[in-house]
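**Student:** Chains H and E, in that order, give the protein sequences. Counting in the working numbering, the first sequence runs from 1 upward without gaps. Counting in the working numbering, the second sequence runs from 1 upward without gaps.
Note that these hints are calculated values from the structure, not bench results. Worth double-checking, as some hints may not be accurate.
[Said to hold, decoys possible] Once the Cα atoms are required to be at most 20 angstroms apart in a straight line, the calculated SDA-like pairs of lysine to any residue come out as:
no.: 1; chain 1: E; residue 1: Lys100; chain 2: E; residue 2: Asn134
no.: 2; chain 1: E; residue 1: Lys196; chain 2: E; residue 2: Asn63
no.: 3; chain 1: H; residue 1: Lys402; chain 2: E; residue 2: Asn104
no.: 4; chain 1: H; residue 1: Lys418; chain 2: E; residue 2: Asn134
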Amino acid sequence: MTSDITLPFYQALTTDVNALSACQAQDELQGIRREALERFAVLGLPTLKTEAWRYSNIQRYLKEFPYELLYATTTVPAATIAQTAIPELDSYRIVLVNGHLQADLSELPAGKGITIGALSAHTQAPGFTTWFNKQHHLAQESLATLNTALFADGLYIELAANTVIDKPVHIVHVYTTTQHAFIQPRHLWVLNRNAAATIIETSVHPDAGAVTFTNSVLETVVEENAELWHYNIQQGDQHFREVHTTAAQQQANSRYHHFNFTLPGTPFTRNNLSVALNGSNTETNLNGLYIANESQHVDNHTFMDHIMPNCNSNELYKGVLLDNANGVFTGRILVHREAQKTNAFQQNNNLLLGTKADINSQPQLEIYADDVKCSHGFTAGQFSEESMFYLRSRGIGEDAAKALMVNAFSHDITDAVKVPALQHYLQEQIAAIMNN
Amino acid sequence: MLTIKNLHAEVEGKQILKGINLEIGKGETHAIMGPNGSGKSSLASVLAGRDNYTVTEGEVWFNGKNLLDLSPEDRAREGVFLAFQYPVEIPGVSNLNFLKTALNEIRTYKGLPAIEGRDFLKLTKEKQQLVDFNANLMNRSLNEGFSGGEKKRNEIFQLAMLDPQLAILDETDSGLDIDALRIVSNGVNKLRDAEKSFVVITHYQRLLEYIVPDFVHVLYNGRIIKTGTKELALELEERGYDWLKEELHLKEA
Ligand SMILES: Nc1ncnc2c1ncn2[C@@H]1O[C@H](COP(=O)(O)OP(=O)(O)OP(=O)(O)O)[C@@H](O)[C@H]1O
Ligand SMILES: [Mg+2]
C-alpha cells in the first residue's frame, strides 16, 4: 500500500484510487466514502480548465513534492502551543494536530448540552447521523469529495438546543509533518435550536523539515434561531499549502457570521466557502480580509445559496496585495425562484500595492426570483496620493503612512470583529505586516 | 529661518512659480495675498514637498538645510507645517491614532522616546481647548464628514499638537464662521513666539486684524510683485489688485 503513495500525488490518485481508500474504509462510513470516491473519480482533480479553478493552478502545487497521503497521527509538546495564545483572550482551547484532537493540551468547555470531541468518536451522535456530508455543495467540489473519501479525523462539536457557550472557543490547528504529507482533516459543528457560540480558529506550523498540504473540510449547521460567530485566521508558513472548504447550512431565523483572515506566509491558499439557506428569515455575514505578499496566491471562492425567501446576506471581501501576490475572488450568489424578498449584497475591494500584484475578481449572480435586492461591486486601486501626502506632511514616514492606510482600508472588517482581544490582535498583526 | 531664492516650479508641464524670493526670519509672521490662481497654494505645496510639483530653478533653505532635498516627512520633522486649504478626508484612520503616530514619528526623528499614553492625552486636551476643537471629533476618522469649519479647526489643532517652527496656513479663514475665526486666530496667536514663524495665506484683511502680520506680500502670476506692511492689506481690501497689475505692466513695458 505505502509504496503507491510515494509516487507523486496525482499519479497515486489517478492510478490506484481504490486501493488508497481501502485503508480508511474499515469504518462504518464505508458507504459514504465509496460514494464520495466515485464522485471524485468523475470530477477528477481540478485543472485550469475547471471553471471554478481557472485562476488557481493547484496541480502545480500538488506536483511540487511527493506527498504522503496517509500520514500517521502525531502529538506536539505544550511549548508548541504556548506562543499561539491571543493576548487577553479569555477562551476555551482546543488543540488539533493535523486534524487530530490532542486532549492533554486542550481545555474544553464542559456543561450540559455541549458535546466536543474527535469526529471519529462521534459517528453515532445524532448531529452526525443527521448532518454529516449533507451540505449538497460538497459533492460539486472534487477536493471535498476526496476529503470525504479519505479523511482521517477532525473536530466534532454539537450544541444541544438552547445551549450557549459562555466564552469563545479557540481552536489551535497545528500542522506539522516530518515527511511531505497531504492531510485531510474533517470537522462537523452543529448548533441546534437557539444555541450560540463564538469559534476562533488559528493555526501554527512548526517546521519539521517537510511541506504539509492540507485539504480540510468543515461543515457547520446553524439550526433554527441559532447563532454562530466564526473567525478563521490563516497565518501560514512557507512549508504549508492549504485548500479549505467550509460548507454551512442555515435553518430558519438563524444567524451566521463568518470571518476569514488570510495573512502572509502560505504560498497557496484556496478557500471554498458556501452557505446554503434552508430556512427563511436568516442573516448571513461573510467577511474576508486577505493580505498577501511575495508570490503568495490566495483564492477565495464563495457561494451564497439563497434557497428560501426573506433571507439577508452581506458579503464583504477586502484584499491587500503586496509584491507580486496574486488574489482571486469569486462571489457566486444564487437566488432560487422561491427565494422572494432576498437581500443579497456583495462587495470585493482591493488594494494593489505591489508592482506585480494582481487580482482576478468575478461576481456570479444568478437570480431566478423577481422580488429581490441584489448588488455587487468590485474595486482595485492604489493609495490615494492626496492621502499619502497629507500623512507624510505631518511627519509620518512612507511605511508608517502605508500601514495606517492599510489599517484604514481593512477597518470595516476588523471593526466587525466582536471579540475585543481578537480585534486588537488582528489590528496588531496587520500593522506588523505593513511595518516590516 | 527660511530663505527662498528665485524659486521656479511647474506642475504638469505648466510653469506656476516664476521666480519667488522670500526671506522669513525667526518669530516673524508674513501674509501672502493675491488673486485666485496666482500660485499661493502652489508655493505652499512646493515647500511641503508635494511631488507633483517639479522645481525647475532656485533654492529653499530652512535652518541651514536644503529643504528641497528632504522628503515631505523629513520637512515636517524638521519643523515645517502646512495647514491645507483643502484638508483630505481619510476614512478609517482615526484622528487620535493619526496624531499619535505623527507625534511619535517626529519624536523618533529627534531622538526622543515615544510619548506616554497619559502625556499624550493631556497634551491633546490642552490643545483642543486652545482652538475649541470638539473632543467628539477626536475618535472619528480623520476629517471624514467634518464640516468645512471643523476641518480647518482640525488643521490648527494639529498645528498646536505638532508644534512646528514654521507654519504655513493656507486660507485657514475660509470656511470659518465669525466666532470660529476669532477663536482659531486667538489660538494661533497663543502659539506665536520669538522662535516660531508663520506664513498666512489669505484673501481677506479680516484675518489679518486678528493675526497681525509683520509683512504682507502680493503674489501674482507666480511672482511676488509687492511687499509691504499690514497697511498694504488694507489698501488691497479697498482697491483690489488691478492697480498693482497695472503698475507691474507699466514696469515691464
Ligand atoms: N495639478 C495641477 N495641474 C495643472 N494645473 C495646476 C495643478 N495644480 C495647480 N495648478 C494651476 O496652478 C495655478 C496656481 O494654483 P494655486 O492653487 O497655487 O493658486 P492659488 O493662488 O492658491 O489660488 P486660490 O486663491 O484660488 O487658492 C492655477 O492656475 C492652477 O490651475
Ligand atoms: Mg490656494
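**Student:** So, against the hints stated earlier in the document, which numbers end up violated here?
**Tutor:** 4
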